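Protein chains: 2
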Amino acid sequence: MEIIEHLAVSQLFKGLPNVHLEGLASISIKKSYQKDESIFFEGRESTGFFIVISGRIKIYKISPEGKEQILHFFGPGEPFGEAPAFTGDPFPAYAEAIEDTDVIFLPKNEFVSLIKKDPSLALNMLVILSHRLQKFTNIIENLSLKEVPGRLAAYIIYSGGNENDASEFSLDISKGQLASLLGTIPETLSRILTKMVKQGLIDSDGRRFIKILDRKGLEELAEGKRRLG
Amino acid sequence: MEIIEHLAVSQLFKGLPNVHLEGLASISIKKSYQKDESIFFEGRESTGFFIVISGRIKIYKISPEGKEQILHFFGPGEPFGEAPAFTGDPFPAYAEAIEDTDVIFLPKNEFVSLIKKDPSLALNMLVILSHRLQKFTNIIENLSLKEVPGRLAAYIIYSGGNENDASEFSLDISKGQLASLLGTIPETLSRILTKMVKQGLIDSDGRRFIKILDRKGLEELAEGKRRLG
DNA sequence: CGTGCGCTTGACTTTTTTCAATAAAGGTGG
DNA sequence: CCACCTTTATTGAAAAAAGTCAAGCGCACG
Numbered sequence: 000m001e002i003i004e005h006l007a008v009s010q011l012f013k014g015l016p017n018v019h020l021e022g023l024a025s026i027s028i029k030k031s032y033q034k035d036e037s038i039f040f041e042g043r044e045s046t047g048f049f050i051v052i053s054g055r056i057k058i059y060k061i062s063p064e065g066k067e068q069i070l071h072f073f074g075p076g077e078p079f080g081e082a083p084a085f086t087g088d089p090f091p092a093y094a095e096a097i098e099d100t101d102v103i104f105l106p107k108n109e110f111v112s113l114i115k116k117d118p119s120l121a122l123n124m125l126v127i128l129s130h131r132l133q134k135f136t137n138i139i140e141n142l143s144l145k146e147v148p149g150r151l152a153a154y155i156i157y158s159g160g161n162e163n164d165a166s167e168f169s170l171d172i173s174k175g176q177l178a179s180l181l182g183t184i185p186e187t188l189s190r191i192l193t194k195m196v197k198q199g200l201i202d203s204d205g206r207r208f209i210k211i212l213d214r215k216g217l218e219e220l221a222e223g224k225r226r227l228g
Numbered sequence: 000m001e002i003i004e005h006l007a008v009s010q011l012f013k014g015l016p017n018v019h020l021e022g023l024a025s026i027s028i029k030k031s032y033q034k035d036e037s038i039f040f041e042g043r044e045s046t047g048f049f050i051v052i053s054g055r056i057k058i059y060k061i062s063p064e065g066k067e068q069i070l071h072f073f074g075p076g077e078p079f080g081e082a083p084a085f086t087g088d089p090f091p092a093y094a095e096a097i098e099d100t101d102v103i104f105l106p107k108n109e110f111v112s113l114i115k116k117d118p119s120l121a122l123n124m125l126v127i128l129s130h131r132l133q134k135f136t137n138i139i140e141n142l143s144l145k146e147v148p149g150r151l152a153a154y155i156i157y158s159g160g161n162e163n164d165a166s167e168f169s170l171d172i173s174k175g176q177l178a179s180l181l182g183t184i185p186e187t188l189s190r191i192l193t194k195m196v197k198q199g200l201i202d203s204d205g206r207r208f209i210k211i212l213d214r215k216g217l218e219e220l221a222e223g224k225r226r227l228g
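Line by line, the protein sequences are chains U and X.
Using numbering that gives the first Met the number 0, the first residue of the first sequence is number 0, and each one after it goes up by one.
Using numbering that gives the first Met the number 0, the first residue of the second sequence is number 0, and each one after it goes up by one.
Hints in this document: simulated from the structure, not taken from any laboratory.
Just so we're clear, the structure is a prediction, and the values are computed from it rather than from any experiment.
One or more hints might be untrue.
Claimed, not checked - Below, computed lysine-lysine pairings styled on DSS-like, alpha-carbon distance capped at 30 Å:
1. X:K174 <-> X:K34
2. U:K116 <-> X:K116
3. U:K115 <-> X:K134
What the hints assert, rightly or not - If you want the footprint, here are the derived chain X segments under chain U, 3+ residues with CB under 8 Å:
4. 122–129
5. 138–144
From the three backbone atoms N, C-alpha and C, an ideal C-beta is built for every residue, glycine too.
I would like the entire structure built from these sequences, with the hints used as guidance.
Written out as structure tokens, the structure is:
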């Protein structure tokens, strides 16, 4: 598959006319990373940004004690690392492939030149960045206003889809990673999951399978109207 | 002072040629809010965004139990509420004036039309949004990776400026608001502040005056290398 | 078939919140 | 200018939540 085709289906560039896609393709560089390989480091100078072609990556921070907080997961079609490319600041976090991953790299300077010529491209980027901001707003809300059971409940509800039926799903990340995403540690996550099963809120095979049994109860947890005890 | 002059000195539009400023001014609406007056509400439809002329506002979320998490403070020259204007999503948080405040309101549709004609305007917005994203990255890091003493230490160091001398300053917000900004409650903040004074890290008059006595100690706290006990 | 990594569980410690009472500060009206 | 009232800040004691440390289990993979 050609780079230009990947660009054409990416969040950032979908809907752009072919002329612009060609311009973008001409500055694009394809790169590959293996599972667990680093893509960029916190503090490093940004020279451009990325779009995932295939595979998955995570963006995360690490505390001095070694605790990891995941900020994002990104998969095919999603761009990452765009913000520092515009501010000129160094990367504010780490990026690492969590599967074998192919990406397109867009060098900063060339990209800014293109954007200066094309408002619609810029508008797309504005929408994307605004969405990221929304997402962060939610993460912050969760971290500061909810206890861990509430965060987990919110995650489960979100992952289970909105339907009342079909409320079964499989975690697409490991429990350790989920703990980090929720701003906690695996032990705490494990205990809470156990309590949820005991209280009949969910069913679980102990592995990645989860079935929602009491959606209303989960919602109450997420809204802080209920405790796990 | 004319609207166009305010626009010319705002973060978002500074450096723009006069033609564009005039276009912006022609769609701008000036509004005033009193201290503690609401500007927008979480969940409401966004019809445009704002730039502070004078005064100050806060953006915050509220949990079902009534706990407040402040996301931003914005003062003169700073835009707010831009993100939902691009995504079309409703406001993700509340905005409220914390002083008597004048703002410029820019209606969404008119603004998007302007941007479509002017890439440089869009580029400025990209930089601003990217910076916001960076700021959120830090907030998330602080909330999830640091204990409250660490967050407070980081806040004090930041507020005290980088110089080794002149390390005195006055909090520009109430302690209750500071607690919310740090993702905690006033009682906890008060206790930690007391400990910091007792341990000789800072001096305080019990009101808003704070003097940094042991910058290195504060840095160790912020980095999790030290406990307050 | 053993080794390893991810996950779970238990006991214990630390941190933060809750609840309640008090104190101090700021603003208002007489 | 002072008394009063409301808001904001502090303090203590107790409870709750989350994290640490350590041990053990089980499934996957070589």
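Numbers of unmet hints, in rising order
Failing hints: none at all.
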